[in-house]
Amino acid sequence: MSKIETVDLNVYYRNGSVHGLKNVHMKIDANKITALIGPSGCGKTTFLRALNRMNELKGARTTGKVLIDGRNIYDPKEDVIQLRKKVGMVFQQPNPFPMSIYDNIAYGPRIHGQKNRHMDSVVEESLKKAALWDEVADRLDENALGFSGGQQQRLCIARALAVNPEIILLDEPCSALDPISTARIEELLQELKREYTIVIVTHNMQQAARVSDYTAFFYMGELLECGKTSRIFERPDDKRTEDYITGRYG
Amino acid sequence: MRIETEEKLVTAGLSATALISVIVLFIVVLYILLNGIGAINPEFLLEAPYRFEYGGIFPQIIGSLCLIGVCMLFAIPLGLASAIYLAEYAPDNRITSSVRFFVECLAGVPSIVIGLFGLAFLVYYLGIGVSMLSGGLALGFMILPWTVRASEEAIKTVPQAYREASLALGVTKWKTIRHVVLKSAYPGIITGVLLGMGKAIGETAVVLLTAGSGLESFLPRSLRDPVASLPVYVYMLATQGHTPDALSRAFGASLVLIAIFLAISVVALLLRNRYVKKMGRGR
Amino acid sequence: MKVRKEYLDALEKLKKDTLKMGELSQIAAKNAIDALFNHDKALASKLIEENSVIDRIEFDIENQCMRLLALQQPMAGDLRLIGTCLKIITDFDRISDLAGDIAEIVLQIADEPYAKPLIDVPRISEITQGMLTDCLEAFATQKIEKLQDFSERDDMVDGLFGQIRRELVAIMIENPRTITSASHLIFIALHQERTADHACNVASRIVYMVTGKRKKLG
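Residue numbers (this note's numbering), protein chains in the order written: chain A, 1 to 250; chain B, 1 to 283; chain C, 1 to 218.
Bound-form chain A, shown alone:
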């Protein structure tokens, strides 16, 4: 059973006037990195946000099913809060809270009831998993906003890890970062996939090629092609995929 499976997924927003995602059927394997690529406005971010029901915040209407571990997360009986603990998200612009590093990471666990006496180890473990511990261990009480973009983004990853998700969604996480920070985060993702399932939206084709195991190409709200990254970038089936990958699109 795939970790994530979408069945007939459709997303409408602006009161149904925009059909953002059309009949998407896709399977995402556990402990792999799946990249979502496609031109602007093709629906890849909408798809990503459908996986943790963040589209609802913009008033979108979703039909079809999104199964995570076999359970449809859009079932009215399902708890959105639990879902978002299980499925974490990292955004395009690093967005740490205007608090200390410690408080940023402790934020999620504290709200979910984590006791304060074990908090130190939770914070340390999360920062270590995000490859940030060595750099900030002695600066945990400094305001997060004073750190570099790359560090802030890793902090956001650590913050997401602190609530023990199983799946991590990343929406163009490196687009605001310099090449070295980007490389570190890509390296980090390779480590993280051992424990987590990772889905990443990226505009950067080379990043998708470097980092992911599977690649899905979205175009005008539809999933055109999905497969092993090595195959997609060497010989895609669909001409539109080939045009996009080789830069002929546009």
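Since the hints were derived computationally from the structure, they do not count as laboratory data.
Misleading hints may appear alongside valid ones.
The list that follows gives simulated cross-link-like pairs (lysine to aspartate or glutamate, DMTMM-like), each with its CA atoms no further than 25 Å apart [claimed, not checked]:
#1 C:Lys213 / A:Glu234
#2 C:Lys87 / A:Glu234
#3 A:Lys193 / B:Glu164
#4 C:Lys30 / C:Glu6
#5 A:Lys58 / B:Glu88
#6 C:Lys216 / A:Asp237
#7 C:Lys5 / A:Asp243
#8 A:Lys193 / A:Glu5
This structure is a prediction, so every number in the text was calculated from the model and none was measured.
Since chain A is already given, all that's left is putting chains B and C on it; use the hints.
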């Protein structure tokens, strides 16, 4: 060459106007200081007025503080709650815009009208009588638009990214507001509160009609008691004072009023700045 | 506005230049056999000179490929094209070298009658020329139907080579004084057989370029 001189002229002109604003402020404060400092002495500050032109203004000081207290107790929670509703929960439709519009209109109501409303509604209709409660509530009505507006602006300034990050961690909307949005918005909210307080502390018409004649020589013992207040006392002295130093006493009371306001502002701003710094520290 | 105009133009140039190199090596192979057939030492010398031109073109194409890889991050079909060009220029280079080797032999033996009349050598040349023409056409048009029977054609070349060798060996046994000139002819036939093998390599590479799948031809 023309562009350079234009730049220089504009810079000079703008600096001049800024300077004028500062100078005006200084003149006013200095004038009050010079005219009022003569009346300031321990008796003045700590005793009750005697036949309204003699003695001290202690009850007036306490009265003003009490009125501000009641006013804030009413206006801050209500203003903040309204602001949270408008900024975070209200749907983006005509009804919401109308609500905002009405709140803004309230800001345009002349203070004497609010005072009259307070008199008719709070004092007579509800029967609370001329009292600290009526005065405080009426003042609260008056400054409500400022607390609502400033709080709403402060909340809106909090980047949407924070909310998204919090929600994506599985935190509910209300907890997000409490722990992230409000915490970030506090400095702006405090500024709004100070603005409102500044208006309220010097408000004469409203207080005159709802809180007391200003000449009370006793301290209030309960909310239903009438209270004295500094602005009304100044008004009384200035218009009905006979003694030679009535005017200087009026200036003295004004000075005390300004001093109280400045003191509260400074304390509030210091607390705000310390809070802002603290947001970056602490486990 | 065409996107990536510079890149697309560079790809077109690469295709054109590779095609040109292929044509030049095909001509060299033909000229070598013509020179042999007509005892034409002048043609043979000219061929040997022109080989250095082909070598320079190979370097240039290789540079073009490396630059495209380094600077343009080509993917999918473009990547396969560049990889294919890099490999088939080696084969073209070998084909022209083999033609040069034949030309060298021609310079040595053209002044005398040959050990036997040339029947099978021209036949092999015909088949090989056909293979090269089909390769170049497939490269230009991306249509690979004509490449499907290369294995059979290569087998025919191998067969003809075997025949030539047997005949010449028989002649050498019968008349030992023909050994020198006969062995020259055997080498020429061997070079032709190698040329056909290289044509098969090129065909395999072009099939990969077009379909993305690897198929050994020949």
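Hints, one by one, checked against the model:
For the given pair, lysine 213 of chain C sits about 10 Å from glutamate 234 of chain A by alpha-carbon distance, which is consistent with the 25 Å threshold. Of the pairs offered as hints, the one joining lysine 87 of chain C and glutamate 234 of chain A holds, with about 17 Å between alpha carbons and a cut-off of 25 Å not exceeded. This hinted pair checks out: lysine 193 of chain A and glutamate 164 of chain B have alpha carbons roughly 24 Å apart, not beyond 25 Å. Annotation: proposed proximity of lysine 30 of chain C to glutamate 6 of chain C is violated, straight-line Cα distance about 36 Å (limit 25 Å).
Our distance criterion of 25 Å between C-alpha atoms is met by lysine 58 of chain A and glutamate 88 of chain B, whose separation comes to about 13 Å. Between lysine 216 of chain C and aspartate 237 of chain A, the direct Cα distance comes to roughly 22 Å. Compliance with the 25 Å bound is thereby established for this hinted pair. The suggested pairing of lysine 5 of chain C with aspartate 243 of chain A holds, with an alpha-carbon distance near 14 Å, which does not exceed 25 Å. This hinted pair checks out: lysine 193 of chain A and glutamate 5 of chain A have alpha carbons roughly 18 Å apart, not beyond 25 Å.
In the structure shown, a violation is registered for the earlier hint numbered 4 alone.
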